[in-house]
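Colleague: Each chain, written out:
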Amino acid sequence: MAIRKCTLSALVWLLSVSPWVQASPSDIANQGLGENVAPCSSCHGAHGEGNAAAGFPRLAGLGAPYLEAQLDAFASGARENAVMQPIASALSTDQRSAMATYYSQLSAEGAQASKGQSDNPPDTGAELAEHGRWANDIPACVQCHGPAGVGVGEHFPALAGQPAAYLEGQLRAWRNGKRPGGPMGLMASIAAKLDESDIKPVAQYFAAQSPAPAKGLDHE
Amino acid sequence: MSNRIPLLTVAVSFAMLAAVIFWVGTRDQSAPTPAQAKTANAAPAARGDTTESATKSEDVAVSGNAASERSEPLPGAAQPGAASAADDFAPPTRSEIPDDEFGAMVRKGRDIFTDTQQHADQFVGNDLQCANCHLDEGRRPDSAPLWAAWAMYPAYRGKNKHVNDFAERIQGCFRYSMNGTPPPRGDEVLVALESYAYWLASGAPVAKNLPGRGYPELEAPEQPPSFTRGKQVFADHCALCHGRDGQGQRAADGSLAFPPLWGPRSYNWGAGMHRVNTAAGFIKANMPLGAATLSDQQAWDVARFIDSQERPQDPRFTGSVSETAEQYHGEHSMYGQTVNGVVLGQDAPPSGTAAKVNQP
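Quick note, the sequences are listed as chains A and B, same order.
The C-terminal residue of the first sequence carries number 220 in this note's numbering, and the numbering is unbroken.
The C-terminal residue of the second sequence carries number 580 in this note's numbering, and the numbering is unbroken.
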């Protein structure tokens, strides 16, 4: 009897800590997985809203294929990040996929909390974001990322309300080859055409935008 | 071995220097001085649609842009990537719009141009914006810029066989490219668009075929354009934005982000872009957005694929596809042709009827 109890407890313990046992995406997000995967929420917030002060991006409501591609790139090292690489590598392919789906389904409204920085973005940022600089073949950012950067579809993530430091970091990462260029290498090509003086203003512009789009303005 | 590398570097440097000198030399020749260009384009034939082929079909008459209204190739602008040839004219910058009543109308025109759905929806019957095909708010060379179009009117157009002024030309855009109802003459929408085009052309010479006008005319491709190859090009280079089904994508706020390329909410069978050569020129010069990297052959192939899809009926439809094809569609149109066992135009949704229900 005692032995049985012991076995049962051991089993329960195994189930609760073992990374080989199915952990739900929600469990991973909130409790982590094993010793290599810290809870996502500790940096990205309980609702995937990100942390503006620390520069951790919002994940809520971003496209699943986009998020999955990023986790895969962290795991392979193609996207360099000392924090995310061990986490992504400790997750299986299926788990990365499941986490991507999980965060894609969280609502962007919950991300409001992370906003509230750089409310007065410089005009140069707005100019580039809204009109681009076609003399250098740079389209307006909003042409692919949506008005005010609210995001378009599964492959063009929202920029609105993302921490300025994060956005700046990504533009530099593309310039330095530390992040894959994205579909068709589009972002690597754009980032290469930016001047260093473009980066901060455009990042500040998007950081100042509201992450939750006002739906269905008039277009349906 | 070790001193071969510096030698090689020197040799390469010299070669590059020579190439640059050569390029500068040819560029000077190919970019006409205003006087040269005037001579070259002063003949009435250069105004557009008076050639014989123009009267037969749509070969010269293009809606939505002035591509084949170029009756002869422009030096320095016939090839995409030659935007530098347009250096001799630059439209004023956005910040230069005057702060007066006229400036207010220019701004209105710009708003209509960039968000036609929002500001002129009563005249629009699909999900397109003017600026979808006239990039950079109608400023970009080789993307049918407004500043180059403005001073070429009035002009005779084979499409309707009479002399059109600029207002009538814009009405054509609404009828065909926007699959809608043309704003009546004198309507503020029309006046605003005219004002915007006129202002963009500030300082441009009148009746001069400016480099960068319309879309570039591509040489005939090595291999005839192929639907099958085009389908692959589309999947590889276009579907990311325009969707696998070509129906475009909306942003998270519901606004249009990437335009539909065919189907009931795209341009109709009378629009200039429905012609494979026009679409190929636009695509080659401008697509993918900001990274125009397709070969001529790829541009032709994918244009053939896109323009072999069903779209709203030609507003000039006579009741018979073959008759309409015969009367209005030339060699670069797929209208009336059989693709995958279906006659294009046969199942076209009626033109101009996709207008949205007006919201209060």
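Derived from the structure by calculation, the hints contain no laboratory data.
Warning: the hint list may mix true and false statements.
As the list claims (entries may be wrong) - Chain A side only, calculated, beta carbon under 8 Å to chain B, not exhaustive:
1) Gln-105
2) Pro-139
3) Gln-143
4) Pro-147
5) Val-150
6) Ala-192
Source: prediction; values computed, not measured.
Built from N, CA and C at the ideal position, the CB exists for glycine as well.
Colleague: For each hint, tell me whether it holds in the structure or not.
Modeller: Quick rundown of the hints versus the structure:
{"no.": "1", "hint": "Gln-105", "in the structure": "14 Å, violated"}
{"no.": "2", "hint": "Pro-139", "in the structure": "4 Å, holds"}
{"no.": "3", "hint": "Gln-143", "in the structure": "6 Å, holds"}
{"no.": "4", "hint": "Pro-147", "in the structure": "6 Å, holds"}
{"no.": "5", "hint": "Val-150", "in the structure": "4 Å, holds"}
{"no.": "6", "hint": "Ala-192", "in the structure": "11 Å, violated"}
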